[in-house]
Structure formats: C-alpha cells, structure tokens
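Protein sequences appear in the order of chains X and G.
For what it's worth, numbering that gives the first Met the number 0 labels the leading residue of the first sequence as 0, then goes sequentially.
For what it's worth, numbering that gives the first Met the number 0 labels the leading residue of the second sequence as 0, then goes sequentially.
Hints in this document: simulated from the structure, not taken from any laboratory.
Where a beta carbon is used, it is the ideal one built from N, C-alpha and C, also for glycine.
Errors might be hidden in some of the hints.
[What the hints assert, rightly or not] Computed spacing ranges between beta-carbons, pair by pair:
#1 343/G / 258/X: 39 to 45 Å
#2 312/X / 343/G: 45 to 51 Å
#3 166/G / 90/X: 54 to 60 Å
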Amino acid sequence: MHKVIHIADDYIKSLGFTVTDGIAEILLFSLLLLFLAALLFLTVLLSRFRRNYLARWKTTFDEALEPLILDLLYGNYQVFDDWWKLPGVVKFERRYLRKKRGRNRAIETLSILRSRLEGENASLLSEVFRKTGLWRDSIRRIKSRLWYRQAQGIKELGEFNYVEAVPQIRRLSDHPQEEVRSLAQLALIQLDDSDPFSFLDDLRNPISRHTTIRLHAAMLQKPSLELTTFARWLNSRHPDVVLFVTRMAGLFNAAADEPLLAKLVLHENEEIAKAAILSLEQLGAQEALTKKIPLLDKGNPEILTQLISSLGQLGYSNQRQLRHWLWSKEYAIAHQAFQLLLLTEEEDKLLRLAADMPDDCAFPEIARQRTLFNKLATR
Amino acid sequence: MKDFLTQFTWFFDGAILVYVILIISSYLILTYYSARALIEYLRKAKFLNPQQLMASPLSPSVSLIAPAYNEANTIVENVKSLLAIQYPQLEVIIVNDGSKDQTLQLLIDAYDLHAVPQPVNYRLKHQEIRNIYKSSKPVYHNLTILDKVNGGKADALNTGLNVATSDYIACIDVDCVLSQDAIIKMIQPFLSGKKPCIATGGVIRIANSCVIENGRLISVKMPDNLLARFQVLEYIRAFLMGRMGWSKADGLLLISGAFGIFNKEIAIKAGGYDHNTVGEDMELIVRMRRYMIERELPYRVEFIPDPLCWTEAPSTYKVLGRQRNRWMRGTIETLLQHKKMFFNPKYKVLGMLSYPYWLFFEWLAPVIEITGLLYFLILLMLGQPNYIFSMSLFGLVYAFAIFMSVLAIFFDEFTFYQYKRIRDVFRLLAAALLEPFIHHPMIVRWGIQGNIDFLKGKKSWGDMTRTGFGPKKATK
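Just chain X, same shape as in the assembly (with noise of 0.2 Å):
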C-alpha cells in the first residue's frame, strides 16, 4: 500500500503540483470508489441476464411437469406407482430432480398447486412429494442453523403433510425466533391429529397477534380437529397462552369454557380481561356478563367500555344501569350508554338530561355536539 502511494505522489508531482500529506490517499481512495462503483453497475447488469435465464429456465421446468401433473390428477390411475413409473416421469427425474435447483423448483411449484387444490388431488400432490424424496430437502432444511431455512422446511413439511415429521417439529415450536416458532406451531395444527395444541403446554416464548390469526386460519382450515374447550390451557401461567386460548374459545363457541372465562373477566391484565368479556358474548353468556358489572364499574374504564359494548351487543336494555354509566367522566363509557340508551329511549329526551349533570361528566360534551351536529344534518 505504501508504495502505490508513493507510485500516486510521485505521479502527482512529475504533473507539477505540490503534494501535502494525504493527498494521494485521498486520491487512490477516490478511484476505489469509482472503481466500486463501476463493479457494482456491472453486477446490476449481469443479474439482467442471470434473470432472463433462470426465467426461461422455469418456464422449460414447469412447462415439463405441468402435462405430468395434469396427467397424474386426471389420468384414471389405479395406483400412484402406475404413474410413478411413466416413462415421462422416469425421464422428468433424471433430468430435473437429482440437481438441487430442480428440487426447490418442484417444491415451489408443487406448494403453489397445493394451496389450491382439496381433497384426493391435494393428497396426490403430497405422494409426489414423498415418492420423489422432495421431503428429504425439507428435512435437511429444517436442520439447518439457519432461521430462514428452518422455516422454509417446516412450511413445506406442513404444506406437503409430512406427518412423519411431527416429532422435529415440535422441537421448534418454542424456537426464539419468531417466524420459525409460528410456522412450527402451525405445521403442528396442520400435522398432528392426536394433540395438535400441546405445544402450548410448556411454550415459554411470547405468542404474538400476527401467530394468532395464523393459528386461527390453519384451525379454520382444519374441520376434523375437536374445539368443544380449551379448559386445559384457560389457566396457563402464560399471559400470551391464556389469551390465545380465550380468543380461540369465543371463536369456535366452546360453551363448556363459560365458568373458567367469566373467571377470565376479572384478570388483572386488561387484554386477557377485554378477550374474556368479547368471547362470553360471542357466547351468547348475558347473565355471565351482567353479573360482573358491580365488580367491573369502578375498574379499568377501557375493560367497562368493553363489558357496555359486549353487553349492548346481547340486547342488554337495563335502563337503569345504563343512565348511571351515562353520568361516567370517561367519555368512551358515556358515549356508548347513550348508544344503548338511544335504541329504546328517545333522542330528544336523553339530551335533555345533559342539561343536570356536572360539567366533569362526560355527557353534556356529547349532548352538545349531538345537538349541534343535528342542527347542522337538518339545515
């Protein structure tokens, strides 16, 4: 390095210039940069053609397999072997399957034609993936140290249901890292028939809202599982367990959740609360709710704001009950009695009744921006 910079000093003064330290470091580094610069822009432009080939590439792999598949779904096969052994899919093998880019191509292809297919042609797909080894990629994914790959490989082996693989799964279902957790939880509702939720038993990592509407689709998808209760976890000592399982209950309607729920109601974090209450009405449970407004009243006004809307939502018309919530200071409390008060009780005469309270209550302020916003409709 010491003599290029001398070389670039030397260079500098035969031009006739008078060199001060640095100069031809701040030179040389400038041409690296350009020279970087010009590495880069090539790169950019050989990807151009990288991409153009791996795009007719795919488009020979898939026009090559396609007629197979199609022939395999409709063909009228006996056996999955008479098709197995077609000249068409022997040389299909030979040529794609034994290179690592043809395998992840045929994963990728076979996944996408899953996703939207059902039943016996669904299960066919999933034989190809297993007589073709395609499964072993999988596997060997799901053994890799990295995330990526991990999870890659366990959303194959559930795509493709590779009950076999179960066992490893769960290993990775309490994995630190979010996504290969999710998906290994997920793989598990999909794979696993006879406990397909014991992986909540000892999860020690959080359950995020993004994992739930997953979990919830992969149940949805999944008519055979039994969600009649989820009693076994409604008293996890995981916050994030306890509320999954109370918005899964509410969900799938398991009434036999009623008692340990209404419990629920009273928990001291306020997410767990406000599930509990939305999953007892999408229970149908009135009583179980109304039973709990004196020991809600005075609480957590974001759990009361709740309990008033579940309760309003079950046709609860306790007017009694609902022009006290009226005099509330918490403005969302208020505004949503009068909400329920207006479905029985005319409007005229409950704005009326703004005019007695006290100025720290929060329903003279709706009253008059009521008022004045009809005023304004009707003009």
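For chain X, the structure is supplied; the task is to place chain G on it using the hints.
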C-alpha cells in the same frame, strides 16, 4: 499576516477533510445497516400470507386519514383509490380542511354523502368541525368526510385522530397512490415483535410517467423528466439506504407525512401533530419517541422498504425549491424544539447519533458546503488556493456521490426490482453522473434559502403545483 493565513488555511482544510470523512463514514455505516435490515426484511416477507390477515376477524382495524385542501381536480379519483385498498377493517377519513374550491361538493355528489350527528371526543385541539358526512350507499359504509375550518395539515390530521375509531391510524397525503396491499404490509410490525411497535413508515416512490388508472398503479416507468429522475435516485438513497439503516439502528427520526401508520393512543398521548411547524411529520415521531423514552416504556419504530406509496414528484425547479425549502425549515424547527436530546445519553441512539446526524449532515450540510465554496473563492482572490487539495477533495466527494448512487441502483435491483427495462438502468446511471453538477447545487441553494427563511420566521407551506396522474390534469 501571511503566517496567519497559512495557519488558517491549514486549519480550515483539516476541518473540511474531517467533515468529509465523517459524512462518508456515517453514510457507509448506514448503508451497512440498511443492507442487513433489507436482507432480514426480505427473508421474513417470504413467509407472510396476506390472505390470512385479510380473512381474519382478529386483524386490527385501521383508520386511514387523508387531509385535503383545494384538491377539486383529483379528489374523487383519489378517494376512489383509497377505498380500493385491500384491508378487512378499514375506515377512510377524508378531512376537508376548509377548501376554497369545489372539493367538498364534488365528494358529496360523487359519494352521495349526508351529514350525520356524530359526536367527537376532543382529545386534541383543532379548528371547528363544520359537519361530518357519511355515504348513503352501503358500498361506501367505511367512508367518513370531515368538513372543518381551515387550520393547516397538522390541524386536519389532529381532527382525523379525534374522529378515528380504530386503534391504528394511517396518515397519508390524499394525492398519493397506495398499492393494494399497503396497509396489510405496514400493519405487520404492530402484530409481532417483542417490543410494541408505535409507528411504521413506508417508502415513497416517484410516480411521474408511471401508468395509473382509476387510482391504481398499473405499471412502473422511469420518469421522462430529468428532474424527476434525479429525485428517483434521491428517494431510493434516502429510503432504502438511509431510513432503513436508521430503523435497524433504532434511530429513525422521520416517517414521511405521505404515508405512515401510528398507534393512535400513543400519538394522542404524545400531543398529536404540532400546528406550529411545517415539519409536522418529523416532529410527531420525535415527540412520540421522547414520550416513550421519558416514561421508560418499551417500544419500537419500524420502516417497511416495500414500494407501497407512489407520489408525483415536482417536475419544475420552482416547485421543487419550495418543497425543499419547507423540508429544511421543518427540520430546523423540529431539531430546535427537541434540542434537549442533543448528545443526551438518556435518549440513546436518538440523542447520541440520530440528532447529531440530522444537525450536522442535514441541517448544516448546505451551510458548510457553501462556506467551503466561499473559502475557496476568497483564497482564489488572494492568489493562495491549494488547487491540489481542493481538486482532490472535490474528486473524493464526486466519486463518493457516484458510488452511493450506483449502490442505490444496486439495492433497488436486488430488492424490489422496480425498473425492468435495461434502458432505465442506464438512464439512472446517467442521472447519477450528472446529479452532482446539476441537481445538487440547487439542493444546496434551497437548503440555504430554507435557513434564511427560517431566520426570517417564514411559516407558510408554499403552493405545490401538480399535473396529476391522469391525462391532462392540472391542479394547484
């Protein structure tokens, strides 16, 4: 005198060199962070299934707030575009900020609106709401139009915040075109992660010359206008290589006002948008972050690099000048308002890195650049310029500018691959080579003007002239 001049020259040359080295180093470190964040994002995005989120009753509701002021020429189409966004529980709130043209009437006619008596929880202060409108057509049940007395963009957004019924609010410029899955992608960080997310920002892309029909982006094209092309490069650098890096380093200070999603409760508790600044978008994020840090609450702010929001960039130097002038004043106002954070370890990355970066390399950069130029001219007049040093430094800055622009092209190519024609890549390269001579001096000039206008106390936004996405539209 000559000794003094020699010593002063030596000191000044050294200071400029140190400044250049610092700015180059910070850009390189940011680029490294951005690259890591982009790779991580793309890996995670592979496992995202938007359909699950679309179909789920557990997806959180989002209120989209778009302020409109004198947008008569484009408002109906723009609202149609917003209503077409795919999201299961989306409330679209258009705030007519006292427009003087036909904006409101056009909306009433197009969407069959009628006034409704809907009370508002005034948690944030704003100008009076004249009326709240809902559509009579069931298909537009999620559309709410607020008509209020004019109070500026921040005021309009605060009104939207008070009226919004969802836990999350998406604030956008009404003339932006969002991709169909924009909300689905932007809401993701709120649904996962160890620390709760309080805000997400999205990439803004230049839509000039792109094909847009019925408020939807049909195909992406490189702008024909050279000025817009310079901005394409600028935006890729700023978003993919700058904000992505700051997000990874947990030091993001700005989420563009054109498109961002916020936790409504935190935004309101932090005080909502500030009426007294023209950089209300940056100011809100800084204040929300300060609110969380000062209360020792765990939080995070994320940046989504997908090209989700497309906007029309100014295509004349006059309009661009007004925009950059305003951006500079907004930056200065925000930095001065939160000067407490400067090198304050309590604010961690925000105080120790982000704030000084914005101060020295965003606010003061044009001032330092122009000072360097004046210094060279003075030496030239005194007959004592150090040609070799000046030329070397200029060469270094030019080479670095080219390198960063080509790196931006490289980033775009290997992440979202927006410009598919090879010709467009060469056009971007040409823009990269010309930018330091044509575009950059203008940016410096507007930066200086912004500083001067700030000192004069100028508060106005300045008119933004847009040609619109449709054929032959001209709005003011």
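We went through each hint and held it up to the structure:
1. 343/G / 258/X: 39 to 45 Å: Violated: the Cβ-Cβ distance is about 53 Å, outside 39 to 45 Å.
2. 312/X / 343/G: 45 to 51 Å: 49 Å, holds
3. 166/G / 90/X: 54 to 60 Å: 57 Å, holds
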